[in-house]
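Undergrad: Residue-level listing of the chains:
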Amino acid sequence: MITKGMRKVFIVEDNKDLCNMYERLFKLHGHEVTVASDGLDALDKLRQVKTKPAVILLDVILPKMSGLDVLRALKNDEELKNIPVVILTNSFNETNENLFLAQGASLYLVKIENDIKDVIEKVNKLLSLV
Amino acid sequence: MKLAIAERKEIATGTIEVAFNLSGKEFHFQAGQYVWITLQRLFYNDEHGQSRCFSIASSPNDKKFLRIAFRVSQSGFKRTLGEIALGSEVEVEGPFGDMVLPDDHSLPIVFVAGGIGITPFLSMLRFAAEEKIPYNITLLYANRNPESVVYLKELEELARQNANFILRNHFDLLDAPAIQKNINEGTIKTALWYIVGPPAMATETEKIIYKLGVSRGRTRLTEFNGYSAPVATGEKIETLAGLSEAVLRALDKNVLVSITDLRGTIIYANDKFVETSKYSREELIGRNHRILKSGFHRVLFYQELWHTISTGHVWRGEIKNRAKDGSFYWVDANIAPIFGKENEAIGYIAIRFLITERKKLEEKLEEDSRELKDTKAAILNVAEDLEREKESVERKVVERTRELKEEQARLIASINSLKFGFIVADPAHRILLKNQAVAKILGIPEESVTMVKISGILEGTVNLLERSERCIAEKQNFDLPEVLFGSKFLKILISPIVMIRDHNEVIGYVLLLEDITEAKILERSRDEFFSIASHELRTPLTAIQGNASMLLDFYADKIKDPEVKQMLGDISTAGHRLIKIVNDFLELSRFEQKRMKFEAKPFAVHDLADEVVKELKGLADKKGLELRFDPPAVSPPNVLADRDKIKEVLINLTGNAINYTKTGSIVIGLELVGKMLKVKIKDTGIGISPVNQGLLFRKFQQAGDVLARDVTQGTGLGLYISKLIIEAMGGVITIDESIPGKGSTFSFSLPIAAA
Numbered sequence: 001m002i003t004k005g006m007r008k009v010f011i012v013e014d015n016k017d018l019c020n021m022y023e024r025l026f027k028l029h030g031h032e033v034t035v036a037s038d039g040l041d042a043l044d045k046l047r048q049v050k051t052k053p054a055v056i057l058l059d060v061i062l063p064k065m066s067g068l069d070v071l072r073a074l075k076n077d078e079e080l081k082n083i084p085v086v087i088l089t090n091s092f093n094e095t096n097e098n099l100f101l102a103q104g105a106s107l108y109l110v111k112i113e114n115d116i117k118d119v120i121e122k123v124n125k126l127l128s129l130v
Numbered sequence: 001m002k003l004a005i006a007e008r009k010e011i012a013t014g015t016i017e018v019a020f021n022l023s024g025k026e027f028h029f030q031a032g033q034y035v036w037i038t039l040q041r042l043f044y045n046d047e048h049g050q051s052r053c054f055s056i057a058s059s060p061n062d063k064k065f066l067r068i069a070f071r072v073s074q075s076g077f078k079r080t081l082g083e084i085a086l087g088s089e090v091e092v093e094g095p096f097g098d099m100v101l102p103d104d105h106s107l108p109i110v111f112v113a114g115g116i117g118i119t120p121f122l123s124m125l126r127f128a129a130e131e132k133i134p135y136n137i138t139l140l141y142a143n144r145n146p147e148s149v150v151y152l153k154e155l156e157e158l159a160r161q162n163a164n165f166i167l168r169n170h171f172d173l174l175d176a177p178a179i180q181k182n183i184n185e186g187t188i189k190t191a192l193w194y195i196v197g198p199p200a201m202a203t204e205t206e207k208i209i210y211k212l213g214v215s216r217g218r219t220r221l222t223e224f225n226g227y228s229a230p231v232a233t234g235e236k237i238e239t240l241a242g243l244s245e246a247v248l249r250a251l252d253k254n255v256l257v258s259i260t261d262l263r264g265t266i267i268y269a270n271d272k273f274v275e276t277s278k279y280s281r282e283e284l285i286g287r288n289h290r291i292l293k294s295g296f297h298r299v300l301f302y303q304e305l306w307h308t309i310s311t312g313h314v315w316r317g318e319i320k321n322r323a324k325d326g327s328f329y330w331v332d333a334n335i336a337p338i339f340g341k342e343n344e345a346i347g348y349i350a351i352r353f354l355i356t357e358r359k360k361l362e363e364k365l366e367e368d369s370r371e372l373k374d375t376k377a378a379i380l381n382v383a384e385d386l387e388r389e390k391e392s393v394e395r396k397v398v399e400r401t402r403e404l405k406e407e408q409a410r411l412i413a414s415i416n417s418l419k420f421g422f423i424v425a426d427p428a429h430r431i432l433l434k435n436q437a438v439a440k441i442l443g444i445p446e447e448s449v450t451m452v453k454i455s456g457i458l459e460g461t462v463n464l465l466e467r468s469e470r471c472i473a474e475k476q477n478f479d480l481p482e483v484l485f486g487s488k489f490l491k492i493l494i495s496p497i498v499m500i501r502d503h504n505e506v507i508g509y510v511l512l513l514e515d516i517t518e519a520k521i522l523e524r525s526r527d528e529f530f531s532i533a534s535h536e537l538r539t540p541l542t543a544i545q546g547n548a549s550m551l552l553d554f555y556a557d558k559i560k561d562p563e564v565k566q567m568l569g570d571i572s573t574a575g576h577r578l579i580k581i582v583n584d585f586l587e588l589s590r591f592e593q594k595r596m597k598f599e600a601k602p603f604a605v606h607d608l609a610d611e612v613v614k615e616l617k618g619l620a621d622k623k624g625l626e627l628r629f630d631p632p633a634v635s636p637p638n639v640l641a642d643r644d645k646i647k648e649v650l651i652n653l654t655g656n657a658i659n660y661t662k663t664g665s666i667v668i669g670l671e672l673v674g675k676m677l678k679v680k681i682k683d684t685g686i687g688i689s690p691v692n693q694g695l696l697f698r699k700f701q702q703a704g705d706v707l708a709r710d711v712t713q714g715t716g717l718g719l720y721i722s723k724l725i726i727e728a729m730g731g732v733i734t735i736d737e738s739i740p741g742k743g744s745t746f747s748f749s750l751p752i753a754a755a
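Quick mapping for you: the protein sequence lines, in order, are chains D and P.
Every letter in the first sequence is one number past the one before it in our numbering, and letter 11, counting from 1, is 11.
Every letter in the second sequence is one number past the one before it in our numbering, and letter 438, counting from 1, is 438.
To be clear, the hints were calculated from the coordinates, so they are not data collected in a lab.
Nothing here was measured: the structure is a model prediction, and the numbers come from that model.
Ideal placement from N, C-alpha and C gives every residue a C-beta, glycine not left out.
No incorrect hints appear here.
List of simulated lysine-lysine pairs, DSS-like, C-alpha gap at most 27 Å:
#, chain 1, residue 1, chain 2, residue 2
1, P, K520, D, K64
2, P, K272, P, K2
3, P, K558, P, K622
4, D, K117, P, K560
5, P, K623, P, K680
6, P, K647, P, K623
7, D, K117, P, K622
8, P, K565, D, K16
9, D, K117, P, K580
10, P, K580, D, K122
11, D, K16, P, K558
12, D, K122, P, K617
13, P, K614, D, K122
14, D, K117, P, K623
15, P, K617, D, K125
16, P, K580, D, K16
17, D, K122, P, K622
18, D, K117, P, K614
19, D, K117, P, K558
20, D, K27, P, K565
21, P, K560, D, K27
22, P, K647, D, K122
23, D, K125, P, K614
24, P, K647, D, K117
25, P, K565, D, K117
26, P, K558, D, K27
27, P, K647, P, K682
28, P, K617, D, K117
29, D, K125, P, K647
30, P, K580, P, K614
Derived list of chain P stretches under chain D, where covered just means 3 residues or more per stretch with a C-beta under 8 Å from a C-beta of chain D:
#, stretch
31, 532–542
32, 548–561
For reference, chain D alone in the conformation it holds in the complex (with noise of 0.2 Å):
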């Protein structure tokens, strides 16, 4: 059921438990959650569903294809490239920010270093400027 403030939003996490968690924390907060567990999966899905979701949450080390390279596939898909992406990850690289900003992220999230409590404030500041 859609209600007002519900937006859809797209996890693509390939570990179980923080999967579970974060699509437990938007449900929480009131929005619809579709999940994938790597970046081919994602893909697909993402091309198929005729509503496009508000917000896509992508975590780095995938299998399969890399986060960047589905970061690319995503803004080079016309239906799909004006969706914010937000960078969820928990790998340590500098340089990754920049790169994955450079690529067209919205957003650069380190999990660790992000209470849930931030994590969805931040989904939420963002989606109410889309």
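Fit chain P to the known structure of chain D by using the hints.
TA: Then chain P, alone, in the frame of chain D:
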């Protein structure tokens, strides 16, 4: 000297005395000597003159007359001498002879005279008597016939007048008993014996007295024939001399002529001979030819000469003779035996041409030739030495070359074993030395390795030739840590070769190529590992923490049991702590692996302090503590540092202050100290004892024993990491002061950004 006949008289049977006029003539002789008288145009067959020798009968003190006595004979010479008109002049040469009285008159003297042999003794006796020299002379006069005793009256008179003279007559054969009878034994042994007489008599007498014990040194013998001699051959030589005289005179200018008896005693010497030998004629006549021996020729030489002539042959050769003054002269000599009427050899004649000049030249040539030979030999020696030296040097060179080749081989082997490419090149980029690794790394054939080729290969990335030249010019190393070459990563180093001893001249460069692809991959994989490791650590942590938080935040209403709530709280806290620990570890690891990059940019600490206060206010409020930032009156300049990292440090220090303060305040302040800006964090906390203060900025140390459950979040790494960060910025982090129970002040300084 020409002397004229003054008187003539018969003094004994067949014996005539001739007196020659001496007045006005300078003629000095000693008693006992003789003269040569020459009568010109007297020879019976031709008109040439003849010479004979006669002993002098007169005393040397008689300045008026020179008296000689001779036995008359068939000799033309003597007949003439006996017959020619008074006042006729004859040529007189002399005096000659060494039969003279000794200086020492203490020695008894025995005169043994036979026949005309008395004349020299008469001269001596007359002289001794006149001079009153006390010679003890015994005169033994031996004769067959008393009537022919010459000068008997004079002798008797002299004996009567002088006690020292003893006259003895013996008119028979003179034998040993006769002598012993006439001369006492003592005198026989101690006296000097003078014997003059015909050859047979003289020699016989000599033999006798030797037998009587007279020593050889004590005899003076003259084989004297009275009017010719002192030679043994008498008349035959007379003939000989006359025969050759004309010829000889003609040769006088250039030719040395001498005639000797069979024993080599000189009986004739021509003027040239005399002149050349530098002896006087009387010194030559009667002497043996051997006085001219120079010592130049070997004994064999003379033996051979004698053998030739004594066997009746003519000897021809060159002889080096010695003159009286010790100088030498060379003659080209012909020596031939002279044969008498009965065809037996009676003497030798030597005709010699003076060849000293030529000989000197020859000698010089010989010497020069020898010198030349010596020089040649020396040169040859030197040449040999040089040859040997050369060989030695060549051998050394070969040896050294071999050693060098070995060294070179070893060097090449070791540089070939190097993993990295090694090239030594000269300033013109000519490769002097390289190893195999170069070609291997670059993936080109060994023989194509040249600087041009290598430079071409790396063209896109770096201009190697230009770089090398700059390197040489500036005498600086050039380092390319990472060059992408195809699928490889290369590290390139160019280093100039500077000859310190040669005024820092650069003679070339060394190029090192290192394939760091693997290392890079390793690094990358380490990076990846790091990323993955940190990721793997963080993921479950995030899940733990996130879920715990969610439970507390969003499912609070579902949790009725306060204990469950508390347990969730504990999980959350522990989770936080674990996250912090993991973060610290990861950060430290990164820092230690030098992976952390700092970006130093100017920023205002003022703003940073405000931010931190805002972020940590909640924490402070929870504990009822005041947290504030006291800005200085004058706004300080910006600092040059990495803002994010400095923020971490400030949060760390402020958080610690909050954690370790139970009541009171935490105040952040700023202070300008020289070129640094000091950030101070002052708390009113529990403080740190001096002992523990020293442990503060080390790894894993936590000052304070007990970790209060709800307060402390420190891992012990925070301060250490902060220290690393501050020091990396060029600042200093310290604990300014800390008093247990009162509080602590921590501070760190940062460099001011240039305006």
